[in-house]
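**Q** Below are the chains, spelled out letter by letter.
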Amino acid sequence: MNIIVFALLALLAITAVAIARLRELWAAIMFTGIYSFLSASWMMILDAPDVAFTEAAVGAGISTVLMLSTMALTGQGEDIPRKSSWMPILIVVVTGATLVYGTLDMPALGAPDAPVQLYPSPSYVERSVEDMHGLPNVVTALLASYRGYDTLGETTVVLTAGIAVLLILRRDPKEASATEPSAGDEPA
Amino acid sequence: MTLETIAGLYNYWMVIFLMMTGFYIVLARKNLIKSVIGLNIFQTSVFLLYITMGKVNNGTAPIIPPAIVEAQKSAHESHAGAAAGGVAEHGAGVAEHGAGVAEHGAVVAEHGAGAAEAVHAAGDIVYSNPLPSVLMLTAIVVGIATTALALALVVRIREDYGTVDEERILELDRGE
Amino acid sequence: MIDAIDSHLAILLIVLPLMAAPICVLLGNGRAAYTLALLVSILTFACSVTMLDEALEHGVIYYDLGNWHPPYGIEYRVDVFSGFVLTFVSGIGAAVLLYAPMSVRDEIPASKHYLFYATYLLCLTGLLGMCVTGDLFNVFVFLEISSLSSYALISLGKTRRAPLAAFQYLILGSIGATFILIGIGLLYQMTGALNMDEIAARVPHEDGPRTVLVAFAFLTVGLCIKMAVFPVHTWLPNAYTYAPSVVTCFIAATSTKVSVYVFVRLIYGIISPGFAFNFLPLDTELMFFSLAGIFIASTAAIYQDNIKRMLAYSSVAQVGYMLLGISLATPTGLSGGIVHMFNHALIKGGLFMVVGCFVLRLGSVQMSDWKGAGRTMPWTATAWVIGGLGLIGVPLTAGFISKWLLLTSIFEAGWWPIAVLMLVSSLLAVVYIWRVVETLFFAEPSEAAAMATEAPLRMLIPTYLLIGGTLVFGVWTTYSAGIAHAAAIALLGEAP
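Chains as they are written, first to last, in UniProt numbering: chain E, 1 to 188; chain P, 1 to 176; chain V, 1 to 496.
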């Protein structure tokens, strides 16, 4: 099991670095899909099959499709190389170091006495047997009932995004003709 | 720093490395689509951070096997039945109730016995924490919504400027 | 019946605009959508006022969603402070809608109107949701609702720079939101709780564990991006400048204030001020950044010829005053910071409404095009003067009250240099406000200004509602500084 985990983690790291270095957008998008699949696999090992399914479907599926179609619409295949500046590296290193510093007091991976596992007591698993009248999947119970309100919020986010995309991309003929002159100076 | 701490924390450090790679892509890339890709990597890695928190050693996914659910259900029913019959054993664990089913023979005997066994086994199952999974299911959907909106903006910007390269766009704006 | 509604007010406040948004889309008609949105926003305002009243009389209101008590479920928690923020956010939401139709017709294509009002309502839902909830993860979800809808609203501006400004805001805003998500995760990991009160009770304080420190740092940075604190304010000037006038009014008056609200909750409700200010030197850091922000942003505002951009830089400076109040951690200082949220919302909302009126008549936000418009549009120009006086903090305006409270508190602490700096920074505000006043009244009218007519009453009345508010609350402070003081006492008292 450990070997699989190490291999997965190594692959994840390689993929992430590859995405950072790749100039060609098409390849970067493909690697993003792979990255999502690898994350989904690790989530599976970490006992979160529901999240793994969703990540595989949404992260590797829908978002890849969205990005590819955007690329097709914009037709820009390459990230133009430029002199790299030190600022982003500096910010990232500082942020990363802060986070690593923060891990030093964390409970170890899988520790049964971590606060997350001890609280609330009785745990959701124990409660849901009583409350949910035999619903086997506790994640579903949480999603639909205990924290159902977050799920309503999540649905609202999707609604917002849907309306927003309509709002951004819809163009009526009047407006298109009005903005034509200002767009006239764009190079072919 | 002992080997033990490293063994307990390496996965967090790995996740931090992944997060920071995504963060770097967002900050350093000038292509708008590439920034969105970076944002995606950044967010996906944060999902991993949460999911790692929920994991318990020797745990399993928080899905209660159907056999145990059945057993607990029938335990419930038999408990109710037993209470009506005046043979109630209060304060007993679920397992005992399950056993009670078997003894009582009120429900199908074989099934009850099986259930009792299952319930005994249930005591040994360790479940990973379901809450991080739930939070991340929400976050994944929020993430894809953000991505969709960002890409719609990219398409719009491309229509107006003819490019999705941030520096080119800024040059065009200065030229006006 | 009334009792039944009364006990569900907390959720009604969110559900009303939330449900009205898809109905607006289904109506598919700009005018119908507008009527519904206006009606709902007024109802929401009524709900908030009732809740504030109830919180003042009977103390904190708790509401368990789905009847699952915390730690299992999500809880709504409305105290005086959240009631106060809810009231002015929903009030300004309604006032801006009252003002909106003519400006929207002028700046946004007709086929998008119904979608615009739906998005507006969703943005309002998100902002209100952040104020009522007692659950930290729920804050993140509603933060995203309000952020996504504001990106979309900003992108509606007329020029092609609007979508770009929205995109830049989206990238920075999402980084902020992800930082907040990381912070919430780390806090959850150390406590096992998501409910704010429970986190506060369970978070290990004494030995200051490093994880909690880092969690706090990430939440702070994430919220600072959303509050547009200097130096992570870079999204704000472009976003405010290129967004349609109505959107700028609404977002400038409410959005950053709600983030400030969450930040205050974080410091005073979750991590105690003792931990934040004594263990960490956060107060000195906050003070440094707020003063630096006040000076740099005010100076930048002086050099702007685009009036929207000028007000945007001024907003960055004003957030500095709020943070200054928060970092003081005394009842007077904190209530100064809180009441400044309200006063600034009134003043900035009003000033951006004035800008919207000029845009409608002159079609420009450049200073040169506004020349002499004070003669043809005296009422609009007068509103600018009153609002400007409030922004500077002249006595008898609301701006004076908050600056007075801040100054008193600074004197109490004996920090003379900071008091002097605050007074000097007010002079910077005098400079940029005066530049516009001079242009409006004392310059030869530009061609457009000479032809212009007074702004329509439908826009002037809501403008004067807010601008008049700055005068009213400059004299009569029972319901502004009074409530802010009660909120500050409660916040400081509840800190463990």
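I should point out that these hints are in silico values taken from the structure, not numbers from a laboratory. Check before you lean on any hint, since a few could be wrong.
[Stated by the list, open to error] Chain E is faced by these chain P residues, among others (derived, beta-carbon under 7 Å):
hint : residue
1    : Leu3
2    : Ile6
3    : Met20
4    : Ile33
5    : Asn40
6    : Thr44
7    : Ile125
8    : Leu151
9    : Val154
10   : Arg174
Don't be surprised by glycine CBs; every beta carbon is placed ideally from N, CA and C.
**Q** Is the hint on Leu151 of chain P kept, meaning its closest Cβ partner in chain E is under 7 Å away?
**A** 4 Å, holds
**Q** Would the hint on Val154 of chain P be counted as holding, given a Cβ-Cβ threshold of 7 Å to chain E?
**A** 6 Å, holds
**Q** With 7 Å as the cut and Cβ atoms as the points, is Ile125 of chain P at the interface with chain E?
**A** 9 Å, violated
**Q** Could you check if Asn40 of chain P really has its C-beta closer than 7 Å to a C-beta on chain E?
**A** 6 Å, holds
**Q** Next item in the hint list is Leu3 of chain P. Is there a CB on chain E closer than 7 Å to its CB?
**A** At 12 Å from the nearest chain E Cβ, Leu3 of chain P fails the 7 Å test, so the hint is violated.
**Q** Can we keep the Thr44 of chain P interface hint, with Cβ of chain E closer than 7 Å?
**A** Where the cut-off is 7 Å and the nearest Cβ of chain E is about 5 Å from Thr44 of chain P, the hint holds.
**Q** With chain E as the partner, please determine if Arg174 of chain P meets the hint condition of a C-beta pair closer than 7 Å.
**A** 12 Å, violated
**Q** Should the interface hint for Met20 of chain P be scored as holding, given a Cβ-Cβ cut-off of 7 Å against chain E?
**A** 4 Å, holds
**Q** Can you verify the interface hint for Ile6 of chain P: is its Cβ closer than 7 Å to any Cβ in chain E?
**A** For Ile6 of chain P, the interface hint is violated, since the closest Cβ of chain E sits about 10 Å away, which is over 7 Å.
**Q** Does Ile33 of chain P meet its interface restraint, that is, does its C-beta lie within less than 7 Å of any C-beta in chain E?
**A** This interface hint holds because 6 Å falls under the 7 Å limit.
Checked against the numbered hints above, the structure violates hints 1, 2, 7 and 10; every other hint is satisfied.
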